[in-house]
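> The lines below spell out each chain.
There are 2 protein chains.
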Amino acid sequence: MEARIQELRREIDRINREILRLLSERGRIASEIGRIQTELGLPHYDPAREEEMLAYLVAENPGPFPASTIKNLFKEIFRASLDLEERQDQKKFLY
Amino acid sequence: MEARIQELRREIDRINREILRLLSERGRIASEIGRIQTELGLPHYDPAREEEMLAYLVAENPGPFPASTIKNLFKEIFRASLDLEERQDQKKFLY
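Residue numbers (this note's numbering), protein chains in the order written: chain A, 1 to 95; chain B, 1 to 95.
Check the hints yourself; a few may be wrong.
The list treats identical chains as interchangeable, and a pair is accepted whether it falls inside one copy or across any two copies.
As the list claims (entries may be wrong) - Listed below are the simulated SDA-like cross-link pairs for lysine to any residue, each with C-alpha atoms no more than 25 Å apart in a straight line: (1) Lys92 / Tyr45; (2) Lys92 / Glu32; (3) Lys75 / Asn16; (4) Lys92 / Glu60; (5) Lys75 / Met53; (6) Lys75 / Arg14; (7) Lys92 / Ile36; (8) Lys91 / Pro66; (9) Lys71 / Leu54; (10) Lys75 / Ile15; (11) Lys92 / Leu54; (12) Lys91 / Asp46; (13) Lys91 / Glu2; (14) Lys91 / Glu51; (15) Lys91 / Asn61; (16) Lys92 / Ile5; (17) Lys92 / Pro43.
Everything labelled a hint here was simulated from the structure, so no lab data went into it.
Let's have the full structure, built from the sequences with the hints guiding it.
In structure tokens, the structure reads:
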């Protein structure tokens, strides 16, 4: 039984690494979007776009996480991307 | 430029779906680990295991997110998994 836990934990480790890779790829793309928005004078925060993303994620959620958990996790990811875009602007305007 | 934002947003949508798929797969595996732990009388929360996961994720973090962001996002994922395991126990003991 404990060997089975070890085996499942190796699966979790693999998934963690894949999530890290995807989050990082997402961060790079969000930065690029942020740079274009700054050039065009558009705001980074777009509540309608966030609602649209949450709606399709909740609609496609296969479980086992409840919709509320999926929403909360993705809101944290959106917040992290927005922070990245805002820090990028600060660097641009400071130097 | 706005067309480029649209294109990048489609990339973000694809990545969101992949993250949803991986989170859900991770949730199913965490539930299975939780069931075994309950059978063996082991606690679900294992701070040493969480520290180990955070340490390798921070070590492998390619950016652009800072280590603090990666840690916070994964702590939220760990918290969601623990909630899932605890709700599962409640159902087991209630019915």
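> Could you work out which of the previously given hints the structure breaks and list their numbers from low to high?
The structure conflicts with hints 4, 11, 14, although it agrees with all the remaining ones.
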